[in-house]
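Line order of the protein sequences matches chains A and B. In terms of numbering that gives the first Met the number 0, the first sequence has 340 at position 341, counting the first letter as 1, and numbering is strictly consecutive. In terms of numbering that gives the first Met the number 0, the second sequence has 15 at position 16, counting the first letter as 1, and numbering is strictly consecutive.
If you're looking for bench data, these hints aren't it; they were derived computationally from the structure. Do not take every clue at face value.
[Claimed, not checked] Each pair of labels, with its calculated beta carbon distance range:
| hint | chain 1 | residue 1 | chain 2 | residue 2 | range |
| --- | --- | --- | --- | --- | --- |
| 1 | A | V394 | B | G35 | 54 to 64 angstroms |
| 2 | A | R209 | B | E20 | 26 to 36 angstroms |
| 3 | B | G35 | A | L390 | 51 to 61 angstroms |
| 4 | A | A448 | B | D4 | 31 to 41 angstroms |
| 5 | A | Y441 | B | E71 | 27 to 37 angstroms |
| 6 | B | D4 | A | I223 | 27 to 37 angstroms |
| 7 | B | G35 | A | E110 | 19 to 29 angstroms |
| 8 | B | S22 | A | P243 | 42 to 52 angstroms |
| 9 | A | V382 | B | E37 | 49 to 59 angstroms |
Note that the Cβ used here is the ideal one computed from N, Cα and C, for glycine as well.
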Amino acid sequence: MSLKAALIGAPNCGKSTLFNGLTGGKAKTANYAGVTVEAKKGHFTTPKGQEIELYDLPGIYGLTARSSDEKVAINMLEGQMKGVDKPDLVLVVIDAANLRTHLHSALQLRELGIPMMLILNMIDLAERDGIEIDTTILEKELRIPVVTSRATRQGGRENFLNRLDSLIDDGIENAKIAPEHHNLSELQKSARSLAARAIVKEALINKTTRIIDSVALHPIFGPIMLAVVLFLMFQAVFSWATFPVDFLDGAVSSLADFVRAKVGHTIWGELLADGIIAGVGSVIVFLPLIVILFAFILVLEASGYMTRAAFLMDEIMLRAGLNGRAFIPLLSSFACAVPGIMSTRVIEHERDRITTILIAPLMTCSARLPVYTLIIAAFIPNVKVFGFVGLQGLVMFGLYLAGVISAFVVAFILKKTVTQGAPQAFILELPTYKLPNWRDFYVGIIGAATSFLRRAGTVILQVSVILWILAKFPLSATSLRESYAGKIGAFLEPALKPIGFNIEIAIALIPGMAAREVAVGALGTIYSVQGGESNTQGLAHILQNAWSLPTALAFLAWYVFAPQCFATLATIRRETNSAKWAIFAFLYLLGIAYIAAGLTYHISRLIIGN
Amino acid sequence: MFLSDLEKNKVARISNILDGEFSINAKLREVGFAEGDEVEIIAYGPVAKTPICVRLNRTMIALRPNEAKYIEVEL
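Whole structure, please, built from the sequences with the hints as guidance.
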């Protein structure tokens, strides 16, 4: 029979690295009726062949639940979650380098009365800093198995696995301690005295961390460093991706040509070349952009720099009515608003959390990159300003900035109106800087790439086919306007004409409501049907002739705000537990998008004079 | 005196943690603040000197003066 074990520990204790190491990174996000649980579930087998079902629960410092994330972990441990049994074994993970500060959490968790094992994690890093811990004292006093584990490589886990086997052989119930109840300050007192005896040698905070922080937390150099990091990130996304994107682009158009040559100009050949390959291909070429962006976010998160950014931004965020903690979900939203919105669970105050959720879609997510890249490549000249900054990159940066600034303005207005409330506490641990674990990194990147490709293979594929049919039929149609798609577009045209959008955009926006990057595929299909070209290079050229500059700029402005993502709206509904906030988000974003696109169109027309 | 009044780079010991609204006492204790622990302010936020970054034993914790004023310290 498989044994159910839960990993529990403070944020930054290296729990997830341990989880990925044990389970090989093959995890499923467990979902239970009624609650959205961010508990990852995986499996591993001990050397003696015991099957273990392992849960990675959200980080908690103790048993006083504050944020909705922590409630999930605590409810599961206390057996209060519907349909989920209490774990058979709790694996308490403590960062060995911070034993003195965190040991009390093990004493507190012991009171749950569940068999328990203590893992002093990242012992190699603690030892490198000059810390020595005597685990036998901890074992004797806590009366539970205490093992150490390394941050790097497999070797460090054998000890844990063998102890786990002997614990199971001896009968797991023996690791159960009769619950005794103490208040927090009593617990801390006994934890501190135990730690003092178990820590043989202690040293100063990690030297590298102190050196980096003397710059990263500096009142002047800190913000400069943050700005440089973010700017480099966006420049890198744009320039590093050029080569692989161009390569994929070439491959897609060769494939389309190949299909046209082989299958010939039959209706099926056209469906395959213009519908499927042009539609799906024009989205897939952007995979490198998404991978590079996620890579940056993952590294910032794993290295420990993200919390420094939260520290630097807290006061500014507070003045906009937010909490410094909101910086992390908002920065993740640059990759994708869905995980960004889900990570707002670390924000303990419900109103602060809702404000953050409502502005998360304003952070420019990676799905907008295909759209921005296409339009910028077509309409913004590839020249350098000040001799070294690419104008195209600068425009991209400007679009990101527009999203951020409007997010602050919207947050400020929301806090004054619909999400009023007193400012809440900000207490955040800044972990020691670490090199990211390659396996965690790999698991994260693969996850992001797979979900992007899965969308391309499902939603975008279906949309491309349907759109191709709508644009192609009835066969008697001599222009797009006479096709079924044209009839639908013509219905929307009166509403979109005032903001400079033509009928092709109107048609592309309908499927584009499902996901932003779909609009690129849709434009690819629509113009392919019209012209017979397939790749985005070709699409960029077509757009140069088909759109005026004000229309292109209005389209970019629209994309900064428009709520074109069902996944985001569904996540808002689920996370706020109300359709009301999802509808509110949809309407306010649509309103701003319309106004912004209209203003951009008319102002740029006045300036350019056409 | 309180942690919020401590001078930068002066090492002090926590003598008491006060009670306050929103179970601030439990929040501070669970993240690790306890009587007898060593604390030192090592950095201030760039705007209006908030939040503050505190070294608590070997752990670094960022909090606002608003929370730090519940922690009593002795030099």
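Item checked: Consistency of beta-carbon spacing, B/D4 to A/A448, with hint 31 to 41 angstroms -> Since the Cβ atoms of A/A448 and B/D4 sit about 51 angstroms apart, the hinted range of 31 to 41 angstroms is violated.
Check: Regarding A/V394 and B/G35, is the given constraint of 54 to 64 angstroms on their beta-carbon distance met?
Finding: 56 angstroms, holds
Check: Between A/V382 and B/E37, does the C-beta distance stay in 49 to 59 angstroms?
Finding: With Cβ atoms ~57 angstroms apart, the hint holds.
Notebook entry, point to check: Between B/G35 and A/L390, is the Cβ distance one that fits in 51 to 61 angstroms?
Noted result: Check passed, 59 angstroms falls within 51 to 61 angstroms.
Margin query: The hint says 27 to 37 angstroms between A/Y441 and B/E71; measuring C-beta to C-beta, is that right?
Written below: 47 angstroms, violated
Margin query: Can you tell me whether the CB distance of A/R209 to B/E20 sits inside 26 to 36 angstroms?
Written below: 34 angstroms, holds
Note to self: Between the beta carbons of B/S22 and A/P243, is the distance compatible with 42 to 52 angstroms?
What the structure shows: 51 angstroms, holds
Checklist line | Range hint 19 to 29 angstroms (beta carbons of B/G35 and A/E110) holds or violated | finding: Given a distance of about 22 angstroms, which is inside 19 to 29 angstroms, the answer is holds.
Check: Falls inside 27 to 37 angstroms, the C-beta gap from B/D4 to A/I223?
Finding: Given about 29 angstroms between the Cβ atoms, the range holds.
In this structure, the earlier hints numbered 4, 5 are contradicted, and the remaining ones agree with it.
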